[in-house]
Structures are given as C-alpha cells and as structure tokens.
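All chains should be built: construct the whole structure from the sequences, respecting the hints.
Residue numbers (the numbering used here), protein chains in the order written: chain W, 1 to 252; chain F, 1001 to 1347.
No wet-lab data here; the hints were simulated from the structure.
Hints may be right or wrong, so weigh each one.
Unchecked claim - From the derived model, a few chain W residues whose C-beta atoms are all more than 10 Å from chain F:
#1 I57
#2 M124
#3 R202
Said to hold, decoys possible - Using 20 Å as the maximum straight-line C-alpha spacing, the simulated DMTMM-like pairs for lysine to aspartate or glutamate come out as follows:
#4 W:K120 to W:D19
#5 W:K171 to W:E123
#6 W:K185 to W:D112
#7 W:K68 to F:D1156
#8 W:K68 to F:D1238
#9 W:K171 to W:D212
This one's a predicted model, so the numbers in the text were calculated from it and none came from an experiment.
Every residue gets a Cβ at the ideal spot worked out from N, C-alpha and C, and that includes glycine.
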Amino acid sequence: MLQGNHLTVRYGDHTVVDDLSFHLEEGQWLMLAGPNGAGKSTLIETVAQGVPYTGSILWNGQDIRTLKPSQLAQRIGVLSQRNNVGYAYTVEEVVGLGRYAHRSGLFSAKDDEGKAQVEKALEMTGLTDLRHASMLTLSGGETQRVFLAQVFAQNPQVLILDEPANHLDLKYQQHIFSLIRQWLKEPGRAVLSVVHDLSMARKYGTHAVLMDRGKCISQGTIGDVMTPENLQQVYGMNVYEWMREMLSQWQG
Amino acid sequence: MQNSRQLKRERFTPLTYCFLSAALLLTMVLCVCVGSVRISFSDTVTAVWNAIWGLPVPENIAKNIILNVRLPRVLCVTLAGAALSICGAAMQGLLRNPLADGSTMGVSSGAALGAVIAMAAGFTLPGSGYGGIMITAMAFAFGSLVLILSLAYMLDRSLSTSSIILIGVIFTMFISSIISLIITFASDHTRSLNFWTLGSFSGVNYTQVRLLGVALLLCGGILYRFSPELNAFAIGEDNARHIGVNVKNVKLIILITVSVLIGVCVSISGTISFVGLVMPHIARMLVGPNHRRLLPASLFSGAIFLLLADLTARTILSPIELSIGVVTSLVGAVAFVIIFYRTRNKR
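Here you go:
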C-alpha cells in the first residue's frame, strides 16, 4: 500500500538517505533498524512529508505529494519520538485534534463518528479517567499515550512511529507496543517504525529494513534481515553473541 | 487521586457571552462618564440611547462631550484593545511562544515605521486620506514579522521563545531610531515621536471607529475560524502537520491577518505595548488555552483592560494627559518579567 522509490535526502553536502527504496503491505510491521546516524528518523520524516527529498513515495500507486495535507493525514498517522505541550490543554482536547483531517466543511458539524473514535482511542490507551487532566501535569509515559491516542483517533491506515517508547519505563514500552500490535490486527492497516532496541524489533516486527549511513543494507522479513552477518556488517560487532550474553545475566 | 489534575472546561455558552458583554458595556459607560468634566450615568445612557435611535438629545446634557469626544474615543479604545489582544493570543498560539505579541516581536514598531514613512512622504490613496497610511502600516507590519521570524530561524531552527524576543527587542530599538530620524526631518507632516512609541487615542473620530470595527470583525472572524489550527500549532507545529493541517498556508494566513489588524491599530493609535502580551495570558489562566474560548476571552479582557488603561491615562494627572502606553507598559513590563520567569522555570 505504501511504497518508497529511490528516496534521497540531502542536508547541504551531506547525504542522509541515499537512494533507498522500500515497500509496505497490509498487515506488516516494518522495522527500520541501524546504528545512530543511519538515517532512520530522516526516512520517517520523509514519508511524513517533513523534509524535502528526491524520489517518490506512492500510496496505492499515487504520489503522495499530490495529496492534500488532510488527505495525507487520513491515510498516514505519525507518532513522534518526543512530544511536549507548552500550554495547559486537556487530554481530550489533544486527542480530539486527531479528528482534524476528517472534519467536513468550514465549521465542523457534529462529528458523531469522530466522537466515537475519540472515545475508543481514550479507552484503548487507558486515558478515559484522565480526559480532563491538563497536559502539563502528565508524566512522559502518559504524554506519549495521549499522542498515541490522538493518532488512533485520526484513524489512519498506516501508522508511522519514531521510537514510540524511547525514554519510557519498561512497563510503558510494553504497553505501547502491545497497543500498536492490537491496532494492527484490524484489516487494511500497516505500521512503519524506527525501533532502536533490536530485541523489540524482532519481537514485534514482521519485516525490516536494515540501514547504514543512509543506504539500505538488507530488507525483507525480519528473520531474513537480522542475520548475524548483516548485523555484523552494520553494527561492527557480533550482535547475536552480545544478546546471548545479555540474556545470560537473567539466568540462574 | 487524579482529581486535583482534572480541568473541566466546556465551550462558552451564550450566557458567558452575555456576562462578558455586560461587563464590557459597563466599563465603556464608566469611561464615558469619567473625565475632566464628570457626566452622570443617566445622562450618558440617555444621550447615547437617543443618538442611536435618532431621537433629539435633551438640552441640559453635555451632548458634544459625550457624543463627539468621549464616545468615539471609548469605542476606539475598546476595538483597539480587543484587536491587539486577539492578535497577541493568535501569535502566542501560532508560534507556541507565551511571550509573543505585536510589541515584543517588533511588529508594532514596524507598522509605526510604515505609517511614519507614508505620512512623511505624503502617500495617500485616491478617495481616502487615511488609506495610504494604513496600507503602508499593514505592509510594514507583515514585512517586519517575516523578517524577524526569518532572522530568528537563522539564529536557531527551533524558533525558541527567547531568540524571537531578543530579535524583536533589537528590531524595535533599531526601528525607533529610524522613526525618530524621519520625524526630525519631517516633523511638519507626521505626528510626534511620543505618539508613535507610546500611543494615544486623543482626537479620534467615528471614521477611525468604523475602520477599526470593520478590521476587527473581518480579522477576528478569520482568526476565530482558524481556532482548531491555532490549537494544533500551540501543541506543536510538527504535530499540526501530522494531523493534517496545511501548515504553510495556515501560518501565512494568520500572519497576514495579524499584520493587517496590528497595522490598522498602530496607524490609528500608535504603538501600545503589552496589551497583546498580558491579556491573553490572563484569559488563558481563566478559560484555558483552547482558542475557541481563548480568543473571545482575550477579546473582551483586552478591551476592558485598555479602556481602564485609557481612563487612568487621562484622569490620574488631570488635566495633564499621559500617553496610554505609559500605563500599559507599567503593568505590562511587570507582567512580562513574571511570565518570562515562569516559562523559564518550567523548563
């Protein structure tokens, strides 16, 4: 459903993403993996139309540059790495803005379907009790859940995530990832995400793109990509051995 | 446990609007009554009421003072206060910057420069003596806004609160010196430096009331229409883009709208500082940051605040009349410091 062709992003002389192609199909959770500076977040921003790029991104064959911002938002939802709100908006107000792209006409009439979506999103993320809470009083984990609820309310077909659970407690990491997995179960949906933690990538991802310095090293199903040889090439270390060593800390 | 964090906020009901309008109306009547010549409440109401319905005003009432001096001034102050205040609210939302305002960002001084240049050069539009000045003021307001934002963007890409304000302050100083230079050479054609830097409503008439009224109605309507977008920007520009806001277009529309409104205000009353900074803040404390409520609340509170400031300016040292900016700056500068420290400490 989503396809990137020969994407290149340059900041001045520096090429951050170099002639990279990928495709994402229904039901897939595509993980972008690679070391720092590989261009993962930039690739995500490219798909979200946040940076200038060459190449093309197609939505079911149509170049997404021809879509209006609201049409794009109806198809693709983005959850950023870090969100902080400067003013005392309530949780419900922030989540409700997820419906922005679905408003019809100048003055939004009663959007009953939208209300239901907002309710559902609040419920899924366990924020129903906090709906009137001020954003300024929330913890990092709660804030991230609010923006997840916002993107659920937006009801896109593809979810794009940039380290959605980074800097969150383990409990919230697990919570957010299982919420996304649950979201993905409905037909017609797909997820594209950057996840730093390779174990998380293996656990939740179905497919992967392994990147290094802007280039694609390998792509395919998660098992095909995350081979010892590929990881050795990209990370310059024996990842498998390291992971086993980490695991051994928890045995006995 | 969570109860202390709960904020219950609803849309404004017609009742809220009635209450706000009543408060505003009362302040307006008070401002017509009080002055170097004291006029009774009933006389004021009778005179205005009869004038509105075309009835003759009784002889014993100081009709001239009420209808030709105080009323146009009070109306002008009301409209300008409302306009400056919603501009401040919109800019603070759009730029996600609690210190943004026409005066702190140098937009007002840009507009003043435009007006001074137009006056000194005798630039007028055919058919309207005032139009040329106003249009130049608007154009300069927009130009300075764009200039300041691009300078700030070059300085730091995140457009942080302090870098915008820093550039705004430097820009304001620079512009003030140019204005005083022009006035030195063309003092016969333009109004005094005091007027442009501190503002004044003395001698305004109904033409200016009408101009301000139309501008406020149009621009205020546009800003209100864009409340959801302003909310999205206030939460974060990236987030606004992600939920489907046409970031570029909306930003441009709001910046133009704000420039037009500030341009009109400045060409009529000079630069009046801090109204747009302080009143949206107070409004935000009362009704929250949602622009559907914040903009109307700022409108009313801005109008009331400026009315009281104008009243103070013309009565406190009567018969000497202070510039209105003296009063607003006194209040505003203190508020600015408080807000600045509060936003600093939050980080």
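Verification of the hints:
{"no.": "1", "hint": "I57", "result": "15 Å, holds"}
{"no.": "2", "hint": "M124", "result": "18 Å, holds"}
{"no.": "3", "hint": "R202", "result": "27 Å, holds"}
{"no.": "4", "hint": "W:K120 to W:D19", "result": "40 Å, violated"}
{"no.": "5", "hint": "W:K171 to W:E123", "result": "18 Å, holds"}
{"no.": "6", "hint": "W:K185 to W:D112", "result": "24 Å, violated"}
{"no.": "7", "hint": "W:K68 to F:D1156", "result": "29 Å, violated"}
{"no.": "8", "hint": "W:K68 to F:D1238", "result": "16 Å, holds"}
{"no.": "9", "hint": "W:K171 to W:D212", "result": "30 Å, violated"}
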